[in-house]
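K.L.:
In case you want the letters, here they are:
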Amino acid sequence: MQKVKRSILLETRHVTAAYGKLEVLSDVSVRFRKGRLTAVAGPNGCGKSSLLKAIMGFLPVSGGEIVLEGEPVARIGRKKLARRIAYLPQDCFCPDYMTLGELIELAGYSRYALVGGPSERDRALYRQVLETVGLSDRAGFPVNKLSGGQRQRAWIAMVLAQDTDIVLLDEPVNHLDMKYQFAVLELIRELTEIYGKTVVAVLHDLNLTTTFADDVVLMRSGKCVTSGPVAETVTTGNVERVFDLKTQIFPRDGRLVCFPERSGQAAVS
Amino acid sequence: MERRTIFLLAVLPLLVVALALNLLVGYRPEDMPGLIGAVLRFEAQSYEEAVLLFQRLPRSLIAIYVGSIAAASGFVLQSLVRNPLASPATMGVNAGAALFLVAGALVFDIGPALQGVAALAGALAGFVSCIVIARFAGRRNDPRGLSLILSGALVSMLFTGMTNAFLLSDPARRSEFLSWVVGTINHAYIDRLAMFWWVGAAAIVAFLLLARPLTLILFGAEKAASTGVNVPLVSRIAILAAVLGSGSVVAVCGPIGFVGLIVPHMVRPFVGNNLVFALPASLATGAVVCLLADVFAREALYPYVLSTGLVTDLIGGVVFVIIVKRFYLTPANREAA
Numbered sequence: 001m002q003k004v005k006r007s008i009l010l011e012t013r014h015v016t017a018a019y020g021k022l023e024v025l026s027d028v029s030v031r032f033r034k035g036r037l038t039a040v041a042g043p044n045g046c047g048k049s050s051l052l053k054a055i056m057g058f059l060p061v062s063g064g065e066i067v068l069e070g071e072p073v074a075r076i077g078r079k080k081l082a083r084r085i086a087y088l089p090q091d092c093f094c095p096d097y098m099t100l101g102e103l104i105e106l107a108g109y110s111r112y113a114l115v116g117g118p119s120e121r122d123r124a125l126y127r128q129v130l131e132t133v134g135l136s137d138r139a140g141f142p143v144n145k146l147s148g149g150q151r152q153r154a155w156i157a158m159v160l161a162q163d164t165d166i167v168l169l170d171e172p173v174n175h176l177d178m179k180y181q182f183a184v185l186e187l188i189r190e191l192t193e194i195y196g197k198t199v200v201a202v203l204h205d206l207n208l209t210t211t212f213a214d215d216v217v218l219m220r221s222g223k224c225v226t227s228g229p230v231a232e233t234v235t236t237g238n239v240e241r242v243f244d245l246k247t248q249i250f251p252r253d254g255r256l257v258c259f260p261e262r263s264g265q266a267a268v269s
Numbered sequence: 001m002e003r004r005t006i007f008l009l010a011v012l013p014l015l016v017v018a019l020a021l022n023l024l025v026g027y028r029p030e031d032m033p034g035l036i037g038a039v040l041r042f043e044a045q046s047y048e049e050a051v052l053l054f055q056r057l058p059r060s061l062i063a064i065y066v067g068s069i070a071a072a073s074g075f076v077l078q079s080l081v082r083n084p085l086a087s088p089a090t091m092g093v094n095a096g097a098a099l100f101l102v103a104g105a106l107v108f109d110i111g112p113a114l115q116g117v118a119a120l121a122g123a124l125a126g127f128v129s130c131i132v133i134a135r136f137a138g139r140r141n142d143p144r145g146l147s148l149i150l151s152g153a154l155v156s157m158l159f160t161g162m163t164n165a166f167l168l169s170d171p172a173r174r175s176e177f178l179s180w181v182v183g184t185i186n187h188a189y190i191d192r193l194a195m196f197w198w199v200g201a202a203a204i205v206a207f208l209l210l211a212r213p214l215t216l217i218l219f220g221a222e223k224a225a226s227t228g229v230n231v232p233l234v235s236r237i238a239i240l241a242a243v244l245g246s247g248s249v250v251a252v253c254g255p256i257g258f259v260g261l262i263v264p265h266m267v268r269p270f271v272g273n274n275l276v277f278a279l280p281a282s283l284a285t286g287a288v289v290c291l292l293a294d295v296f297a298r299e300a301l302y303p304y305v306l307s308t309g310l311v312t313d314l315i316g317g318v319v320f321v322i323i324v325k326r327f328y329l330t331p332a333n334r335e336a337a
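Here the protein sequences come in this chain order: V and H. Here the first sequence stands for residues 1 to 269, numbered as in the numbering used here. Here the second sequence stands for residues 1 to 337, numbered as in the numbering used here.
Derived by calculation from the structure, the hints in this document are not laboratory data. Virtual Cβ for every residue (Gly too), placed ideally from N, Cα, C. Do not rely on the hints blindly, as some may be mistaken.
Here are the computed distance ranges between Cβ atoms for each label pair [to be verified]:
1) N144/V to A165/H: 45 to 55 Å
2) A124/V to D191/H: 45 to 55 Å
3) R28/H to F93/V: 31 to 41 Å
4) A20/H to K79/V: 44 to 54 Å
5) S62/V to V205/H: 33 to 43 Å
6) N144/V to A188/H: 47 to 57 Å
7) E48/H to F93/V: 34 to 44 Å
8) E43/H to N144/V: 21 to 31 Å
Partner residues are not named here, just some residues of chain V that face chain H (Cβ under 10 Å, in silico) [what the hints assert, rightly or not]:
9) M56
10) R83
11) I85
12) C92
13) D96
14) R111
15) G117
16) R121
17) R123
18) L125
19) L176
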């Protein structure tokens, strides 16, 4: 029992949150396990992004609490939280003329003194981060002039440079074509496998989820329908409950493949 | 070498050249060694040297103060309100400071020290009016912030009109305060600089300490907060510093318009949006622009001396039109800023 608890790093307990009158999360209880890649999946508007925003404190929580290693997140200061959790919003905007090197240097803000900048240790970390994302030769290059796939890796580099145990990624592969989706997710996979980070990523695509994630949280209309290891959670029954879609799911090369069946109807309510 | 490095290396010698021009234009070449010696020794042995030390040098110091504070404040305001037209001149800050100063002097008969305090209060009042009116005008549904600039123009017109009304009502003393309609750099204002320089100095210190978090805010409030920035606190301190710094400029020599608008646009293509580099560059470039504008104001129609503020207004007006055309009237550039 004790052992199970220690492997849980981040947890939401009966979290309810709303934008004004519109409730976007209702009674969500999810546990994110240490060193695992957890995918949050579900149809559009189901509260996937809201869950990450609630964890970061950007969405006021009206009920329940979010706990990071036994400590309520709401009581952790911004700077302290930034040393524990890094977050990549869905639509990232980079000011013009900003280079990749600057982007990464800024990410370490929570570690710097009021006067002064990165230490030798920080600089070594930044070099390593650039190597990890495969952009070592691009440090002096403006971020807005990188290609789509490179830019997404640049944002992941910024998140990595924050040097946190936990990484929250909101739709990290949304605008990328299939080749880059795989490359970026392969990189995200490395974060857990090589660096031991705990990663929570919002993903649309169930096949990407089954290919890369360890655990999955399936959401629908602000509620967590079910969560757990991918192999046990992604079942035809659960997928139909979450997406209103009949699928065939079969194992192939050690992972699950979801294959939606055609409904024969043009419109789905 | 990077463009940024070249710019930062070039701007300091440029500052020295602009300062030398500002001090020495009009003197005979053969007098130069003596004059430079007089400045370095801070001792006047002739009439020319006295003019240099007690008229030109104060002017230069005021120009440097005014230019650097206005430019840095403009850069910070443009970054925080995400609007390329934001500046102390376009957001009602300068007009508010001028109004409070003139009203204080003419109606309540306060001395220079309290006039300065009135200017600081007026700067805040102008800024707050601009924001409040923009809110009413539906700034939230206006992603490009046009309503903010329009309400800034409205506040400026209203406040400047009131300033003019106060001036017209007091024919005996109005010539003394005409500088607060169009900023004028005059050696007599060195006393005011001696009184208020620390306000601008404090603003610069605040800007430089907050350069990194301010740059992170450019990435959006949530991204900035996730990296550890206290976004509301940093924004408030920076805006307060920009507004009070600009207020102190008006307290010294009246509204030297548009330096705060144009210098950020001159600096950005070379140095970028990272305030760690852009702030020092803006400080130096603002000083250069003001020193040169002051030389032009003095020499262009010699023996008549123009108001330096008039010169910066003329340059600024043209740049304003260019920015409006590029940012608001060109569809392709909508996302650029």
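K.L.:
Which hints, by number, does the structure contradict?
P.N.:
Structure breaks hints 3, 7, 8, 16, 17, 18 and 19.
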